[in-house]
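*Asks:* In case you want the letters, here they are:
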Amino acid sequence: MAIFDIFLLEALLNGVLLGGVLALLSLGLNLIFGVIDVVWICYAELIMLGMYGMYFLYTVYHAPIVAAAAVCIVAVAILGVLLHVLVIAPLLGAAPINQLLATGGVLFFLQSAATVLFGVEFKNLGLRLPVLKAAGMFISYSRLLAFVAALVGMVLVYLFMTRTYTGTAIRAIAQDRQIIPLMGVNSRRIYLVTSALGGGLAGLAACLLVLQYDVHPFVGLSFGPITFLICVLGSLGNFVGGFVAAFVFAEIIALGGLYLDLEWGYVFAFAFFIVMMFVRPEGLMARRS
Amino acid sequence: MLALKSVRADYTTFQALFDVSLEVRQGEAVGVIGPNGAGKTTLMRVVSGLLRPTGGSIVMEGVDLVKTPPHRIVELGIAHVPESRRLFPRMSVEDNLKMGSFMRAARPKFRRRLDVVYELFPRLRERRAQLAGSMSGGEQQMCAIGRALMSEPKLLLLDEPSAGLAPVVVEQVFDLVTRLRAAGLTVLIVEQNVQQVLRVVDRAYVLKAGRIRAAGAAAELLASDTIREAYLGI
Amino acid sequence: MTRYLPWLGGLALIGLPFVYTAPYPMHILIIILIWSFAYTSWSVMGRFGLVSLGHGGFMGIGAYATALAWNYWHISPWIGAPMALLAGALLAVVVAYPCFRFRIIGHYFALVTLALSGIVLQVITATRDYTGGSLGYTPERYQSGSSFYALQFTGKTTWYLIALGVWAAGLYVWHRVDRSMLRYALEAISEDEDGAAAAGVHVTLEKLKITVLSAAMTALAGALYCQYQMFISPDTVSGIAVSLQMVFAVVVGGIYVPLGPTVGAVITILLAEVLRVSFGTRAVGWDNLVYGILLVIFIIFLPKGILGSLLALRRAS
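Chains as they are written, first to last, in my numbering: chain A, 4 to 292; chain B, 2 to 235; chain C, 1067 to 1383.
This is chain A alone, in the form it adopts within the complex (with noise of 0.2 Å):
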């Protein structure tokens, strides 16, 4: 009984950390929606792309894992800039279903981008951080490193949002559109801002999921889906929501996983997305309106 309730314990742990890179997936993807009112189908490949610069700089160049994140971070949000310019931008005016579909082209165009240079071969860091150990459970330092960055992350997120002239702008234009050039702000200038910061974020995370994961052209695939379903669940654009939703759905996974293969985690939690849309159909946080 002791031991089981130690790996639970584990497990539960092992849930808040994944809930921290979760929660910043979300952020990201949340910003973006709730800013420019459009979904990144292909946010989960800009983070593929930042895990295989991450993987080159570091691995192959030997480059300082500092620097090449730092790196990785600006690399992903001009990514995310062009994406907005190349194909958003023509679009805004076009059906909401257009764009999302055409970001569903860029997925598949970075999917392929990365078979065709980088091949299908699973890549990893090669970077062994220790395991802390601790009452008796096992947490992956690098885990932990990443749940950390994460928060950091998201702090400073907050602090530009509260702080800045250009935050503040981006809240109010998400809350009004059509009035924000009225208070002189170039909502164009706006959505750029957006787009890097969404696209910076997808670069962090890339970063933190290098430290875990190995990187493979497909990688997208195993955690873009759980992060459009915590922003439904969280209802789309509300930040704090996704945060919440991020939690609980990492924790349904790691409890999943502790019982039963991680795959099965993820079926979990989309079982428990359906149950929770008969439940709270106006999503975990509902805006109040």
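No lab work stands behind these hints: they were computed from the structure.
Remember, predicted model here, so these are calculated numbers, not experimental data.
The C-beta atom is built at its ideal place from N, Cα and C for all residues, glycine as well.
Which residues of chain C face chain A? A few of them, derived with a C-beta cut under 10 Å, are:
no.	residue
1	V1160
2	V1161
3	V1178
4	S1183
5	I1185
6	L1187
7	V1189
8	T1193
9	D1353
10	L1355
11	Y1357
12	I1359
13	F1364
14	I1365
Once you have looked at the hints, place chains B and C on chain A.
*Replies:* Relative to chain A, chains B and C alone:
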């Protein structure tokens, strides 16, 4: 200060303004009155750049507004308080006001302008941390006007400031217009509440079905029987 | 003359295998017909603005249910495929009912269904002890090879005729929906859900009907694909990539015209084949790379699709 010449405006399915010419001089309060659907809000939107006119010219102190990007118009000293207030409902009162001083020139003056606005509306100071959407209609209107004043404008555009407010609050709003004028602000106000607005403005235009049908001093318009009956319905 | 054109075309298609039997082109034709049917199934609901990114899930269910029933319980595909079809329909109800009931539309619906196709893939992978996981799965051969009972045929002609029949049936369903009251209800819903509800349209029910129809058809396409190829893997019949591929082909061909999905299938499959034949194994990934770019370009510049734009052009002139 502001001059509109033969302005036309179209929406996709219908034309909203036909050949509208109008002038606002420095220090004046000018009203535009008329029934629902006359094109009053369209007029305001055309001036502040939310809608591009399809013809005519709009000039503010020598600058052609038609050629100015919408987000630059506020930098010329035009602040627009939109119809039904349009605050950012899930942001605090102070964040709403902060948005009012978003433009570069206004940012260093943020603290000072905040004091000015809070002095004008002590209620807003009390509620500065409250979500704007949770306040009463009157308080929201104050916040919307406060937000516009944050940019230290020369010309204030007020679109139906009395709509949906209790009579006592309406009184306060019109009272405020008088006080702002006394402080040297030029005001262009669009209203359906004809009798009250004519008491606070110097001149007014009567807009109906997208055309200016009459214009004159406020007192004249109030006195003229034909205009009262034909256009104002009072 | 144009009235008889479909019939003449149909006769030509039926007569083809009796004149021409080269195996490789026949194989390509069969594949095109099966996918055309799957794409048509998607467009049955997609044309009403119900953009599902979960059809890879339904297709996977159809393929795997048929194969598993045959291998484990020796249930003939003649029963297994309808069962798979029911399973697809059931899954559609489970996912779509709460979505529609609680007004999960547009972006939200697309994301939920996208997650669905991801999850189906995860389930197939997770149950690798039974399904072979990502390595793929093969229905057992029945005795010598061809068998009506096992729905296994070694000859391409038989398969060609079956695929042709199913494809034609798919078009017929599309046509029936196009002429039905359901179409008006769904068009009203896609324009204005509240308005339609106020006008007495049972929004949830009507949407559910078309979704179940579309999902069941897609599951059938999966079963058919499984029986023809005799090999399925999670990546080829399920998952997000397959879902997006369906949407892509339909968008390229034309979403609002009956033959649009077929044109999309012809273009995408020929493109993939040409790349495969000319570049061999080096072509891995290139076909999807080109698809991805084309999809973006089509949505930006030609949202009606190739056939849709051509027809619009002809109507205009």
